[in-house]
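4 protein chains.
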Amino acid sequence: MSTFGTLFRVTTYGESHCASVGAIIDGCPPGLELSAQDVQTQLSRRRPGQSNLTTPRDEKDLVHLQSGVEHGVTLGTPIGLLVKNEDQRPKDYSETDLYPRPSHADYTYLQKYGIKASSGGGRSSARETIGRVAAGAIAEKYLKQAHGIEIIAFVSSVGKVHLFSSVSPARTDADEDNDEIEDALSPEFRALLVTVTREEVDKFPTRCPHLETSERMTKRIIRAKEAKDSIGGTVTCVLRNVPAGLGEPVFDKFEAKLAHAMLSIPATKAFEIGSGFRGTEVPGSKHNDAFVRWENGNLGTTTNWSGGVQGGITNGEDIYFRIGFKSPATISRAQETAQYNGTPGTLAARGRHDPCVVPRAVPIVEAMAALVVMDELLIQNARRTAVSLLPPITTLPPTMTLPIRK
Amino acid sequence: MSTFGTLFRVTTYGESHCASVGAIIDGCPPGLELSAQDVQTQLSRRRPGQSNLTTPRDEKDLVHLQSGVEHGVTLGTPIGLLVKNEDQRPKDYSETDLYPRPSHADYTYLQKYGIKASSGGGRSSARETIGRVAAGAIAEKYLKQAHGIEIIAFVSSVGKVHLFSSVSPARTDADEDNDEIEDALSPEFRALLVTVTREEVDKFPTRCPHLETSERMTKRIIRAKEAKDSIGGTVTCVLRNVPAGLGEPVFDKFEAKLAHAMLSIPATKAFEIGSGFRGTEVPGSKHNDAFVRWENGNLGTTTNWSGGVQGGITNGEDIYFRIGFKSPATISRAQETAQYNGTPGTLAARGRHDPCVVPRAVPIVEAMAALVVMDELLIQNARRTAVSLLPPITTLPPTMTLPIRK
Amino acid sequence: MSTFGTLFRVTTYGESHCASVGAIIDGCPPGLELSAQDVQTQLSRRRPGQSNLTTPRDEKDLVHLQSGVEHGVTLGTPIGLLVKNEDQRPKDYSETDLYPRPSHADYTYLQKYGIKASSGGGRSSARETIGRVAAGAIAEKYLKQAHGIEIIAFVSSVGKVHLFSSVSPARTDADEDNDEIEDALSPEFRALLVTVTREEVDKFPTRCPHLETSERMTKRIIRAKEAKDSIGGTVTCVLRNVPAGLGEPVFDKFEAKLAHAMLSIPATKAFEIGSGFRGTEVPGSKHNDAFVRWENGNLGTTTNWSGGVQGGITNGEDIYFRIGFKSPATISRAQETAQYNGTPGTLAARGRHDPCVVPRAVPIVEAMAALVVMDELLIQNARRTAVSLLPPITTLPPTMTLPIRK
Amino acid sequence: MSTFGTLFRVTTYGESHCASVGAIIDGCPPGLELSAQDVQTQLSRRRPGQSNLTTPRDEKDLVHLQSGVEHGVTLGTPIGLLVKNEDQRPKDYSETDLYPRPSHADYTYLQKYGIKASSGGGRSSARETIGRVAAGAIAEKYLKQAHGIEIIAFVSSVGKVHLFSSVSPARTDADEDNDEIEDALSPEFRALLVTVTREEVDKFPTRCPHLETSERMTKRIIRAKEAKDSIGGTVTCVLRNVPAGLGEPVFDKFEAKLAHAMLSIPATKAFEIGSGFRGTEVPGSKHNDAFVRWENGNLGTTTNWSGGVQGGITNGEDIYFRIGFKSPATISRAQETAQYNGTPGTLAARGRHDPCVVPRAVPIVEAMAALVVMDELLIQNARRTAVSLLPPITTLPPTMTLPIRK
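Residue numbers (the working numbering), protein chains in the order written: chain A, 22 to 427; chain B, 22 to 427; chain C, 22 to 427; chain D, 22 to 427.
Because the hints were derived from the structure by calculation, they are not lab data. Just so you know, nobody snuck in bad clues.
Identical copies go unnamed one by one, so any copy, or any two together, can satisfy a pair.
In silico PhoX-like pairs for lysine-lysine, Cα to Cα no more than 25 Å straight-line:
{"#": "1", "residue 1": "Lys105", "residue 2": "Lys81"}
{"#": "2", "residue 1": "Lys307", "residue 2": "Lys249"}
{"#": "3", "residue 1": "Lys240", "residue 2": "Lys307"}
{"#": "4", "residue 1": "Lys246", "residue 2": "Lys307"}
{"#": "5", "residue 1": "Lys224", "residue 2": "Lys81"}
Isolated chain A (complex conformation) (with noise of 0.2 Å):
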């Protein structure tokens, strides 16, 4: 369905080409200070046509607020928004009435309606991203005012360029007693996760944080994109200063809310906190994080290869995923498929169309990833607070109880 979210939610409506798209966001806290700027600015980080390196369909994604917000601030109550289409041109995929684009949702689509949009993505189009990004922005301006939050994206790979790119040729079978962990964790990766801002990854039209390989996913992009073709790539994302404790043991950990959050964006393929599935192949003695005491007294770890969270519950260090986004299934080039009756033939789609996702697909990242954690943060300030109100508990072994993290 259109709606993601227990206590924090949102719910999105709108087609490639059709009046408006948009949604509405409930449980948002009451006194919060918010402007449409506030969420413009992650909307213009989002809308196509930023560089030549995404899709020339020129949207300035205006956000229009329709309630919930009274003198800048929030009043606790649903926040209605909308985005209007308005550089539609639905003949540019006239030639995708007969053909079903490879790869695409055109045919499942079809499977599961019974009907389809008459031209475009319809309701897969990225513009269905939209109201996630409006959404996370709002929650991310109270995970910032009230805890501090950080939630910074980028990009960690565009085809075989990979930030800090060290796969080891030595990667092979022979390997198999090698007990160390490799390549996307080295000491730079992990020092990127500390240090790096919002403002450093807009510093590249890649939004990959790092300029000799930024220039390479550059060259990357245009190869495919005068080779009227497209390639994939990756995002990784950091979060900090998240309290410990968030997370819904079983079903509902929080690893599996973010992946659920992560595949739900168009072209993901895959999912990975922490060390992954690198992590896999190393033994537990490595793989452990050690516990420290820092010095406000509080538990935790330095190598938090966990990405911190363990047991499906955040413990307050970084926390840092990777997500795979496919290469886009548009393309100008022609392909050899099927028609939608099963002829045979060759389809070369018109349409605009991005060559590379993952720098549009930044802002969405971080939107989804502010959606699970101020979720998270709804849902265990009900049982926090709960537990706060019980008389102390006498009778339980000292070993049951133990100090809450500062």
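Following the hints, complete the assembly by docking chains B, C and D onto the known chain A.
Positioned in the frame of chain A, the structure of chains B, C and D alone reads:
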């Protein structure tokens, strides 16, 4: 929370050392033949003590059905079931009274609840998965009977031992201009997805259905066990004969619910569907699954990089995905870490632990997959039946409605 | 929260004096012919300013469909819609800056949110019901087309003026041994349930489809209006042709969801289905609905004290229920009360108010009923279709399975 | 489905004649002292065989806690519990193999599921309510400890015997110009709401805390029993010390969730809060609850016609409501009706039945009320805590934010 699903729903209870663990399965279609044995089969594949590769904790894990079934047929009412906890040795865990186990849930549960079970993993114990496996077995029985759906998971890596591991030594930065997809998606791997059976998988204690690889995996696990250490791995799962049209845009895409389900399994850190992370590296022209007409008139694809899902909706092809399990956190080997109170020290956990969880994770992965398919199928039933009762639409452009898959 | 429903789901936004009020309707079956006019008809029945019995606030309440419909046919995707707030006079409410209106939501919103809209009812305004009515109109269109379901509400009392009011003077303690059921369930009332139409209802400004009673009701409302006072009333609603088998035991019984829906309408305080409170007074032998065989072979009942629902599940008979609306809290007449700060004083509210809400509540009740039926229908579709795909059961005692209603 | 609640959630299983009935209670705050006896007390008030006014089925209904509690303290994890079905006599119900009991769920379950339990009420049996009562007892323990909340239900009518029944003989059409509110809301009734205790209620086998009325009720029930018939009644419930601010506009108003909860109890047909249906008959000027300042500085009301809820949100006053239970459908007296196959005939049910359910319904009503309050309280905790972490707002007009109730 402890409930998963919308129309087919499982709710579980139980800690590692309480009276029993159990589940309520709600929404099971009435009229399904069901015996305790149907459930027991998968529980026995999950239970500890199956081989020298798993924990020596010896639980028979006999399931007791409480309700929802009469004369061997489901009534449509909730199915209550439980498995008693028998081989409990709470004393074994006394070291962990002082030390939170590194990378385990001990510390985060305390941060969340302010209290933790006095011994063992409590709710974070793998015994929690019994309810999932039982629920999945029931879903699976329905899916097999009503749709011929097959769900088969197997171990695809242990540490650095990969099934069909052909991790190319060429995979370095120099490859940036190589547009080919590599590794796990080899022809051998693709062939295995089509043919593998649960019987074949169970011939191997590792549950890796390839003799030579399985032997190397066994060796790797034994090496971990002898070192009082642990090792991670991956499980791959294939779903065959899943109808087209399942999955709910926008937020409940099929792969999003699948990722949610898989990352709710203890010790998971990564998920990918179809070509996954590897698929992000190749251009759309290579990655798109061109359509072909099958003999029955349906459209299909031969390459299936999409893994059976496009735009969040199943397309009728095989669905396959891979999950990364970290190396178990509990190891007997001494670890330098800190006590709950911050005092540095050395922890050498006693207790009975799996050196590697992936062989026992196989039925858990199958169960969670069955739960997702079952739930999405019921939801799509609701819509498809609703549409079938409407009068035919005659006013639409012919390209907006097209024949549904046979 | 602002979302209602499981598979057919409406989410609303909007306060009394913001830019617009609107809704997202999710889960509408694709392939339904739908125009703005289908929605407008019910909105216009709800809108203020229809007669001298309602608030003089004059809103055209024109609906703008944003998405989910193309070429006049639903796509199965969310339908976004909005109605602009036009005739706003926020200044009218300035007295209520100091005084919480007695029995209004002013005080409780502040207790809940710590902030309230600067004027009018904010989110508690009846304008919030626009989204419900729009969503209900869409559901109703489907229900009519696919199942021939009819939903008709009418005003059954205003103050002490009751339709078919034959409140027996004998109804005193002396009646304890009288086992008969009385009053509202008279033969005339039962006949009305079978025949009443929306057209008939709309012939009367009170929406009470009985000339003499309607005139007495009009008189009663005018009396309240002239006294700068207000008056309550009841609305009765009948649903015809609802299939048997809807409603989900245990917690989501049909009448439980219906009661939930009805008591979510502003100003409601009471709900009863079938014989309701009156039915509690007679013995089972008088109250039970004996079965008869209809000509089509189905079982049915002639008495229908149950109101079409037994054990929480519809039985195919007409469903009828009654909702009590209190007299509107906002009155222009002076009231002795206290300011927010506790200072006693006199409040005489300005602003434009309905002296009696029940005539305008009629389409709201119909809408909420349609939402409940639609949602339960989709949920039952899911199950019924699932069962139909199973092989027939041959092992059950014959008394456990019996033919389904035609 | 069989789950109720959002953050405090109960899921139940069990039919009348299966192995056990049980529940999983999820979301209980950790750190609550809880013993089986806390649950048993309410179960024993619900159990059959308590007096000659109830069914002779004799069940001890001993509860077995399975999980979620250690050393007498809740862990925050799900609490599994079960009660064995012991005194089963399935044969007793053989007549109902042929006949659907009039006004019972026999017929509708078949329409819904196509199959029904072979004997007794199956899932529609009152034994299903055991899980609710157990869950409610746990919620109640928390509510008492953390907020001093008291929940007391009592029988307010049996048949035409009403507590404080002063149904005026004058209540006829001639009263249209009488603006007074009458009957159930008499001063005596209002006084009872403030003072009644559970101990007082339990002094009477009818659970009507008024000697003379209780004796008349007993007489009425005995009359029904001797006639092999049954009789209905009403239960009134009061909640004291519920904080202001609970309830979620729009669709989840406090009274909407309460009505949902109450009408999910078997045999219920009606619900009203505060002045209810009677309150619809008087003008706003008489019905509005004027504000007064209490000694502690809070605003409150003396009249409380609203029943403690305004605009769907609690206002801190006592919450009181009334539920109508129909006369039990199962009677031993012969009834002319039809068989499942349509053949007319006479049914005289055997089995053990309550002639009147309201005395045993009292703890069920209390339990469902506790579940609603608990859930709404947790949800409001989430918001209130979120707001408390924001910086103070200085830019709002002073009339938009006002002090929260002490």
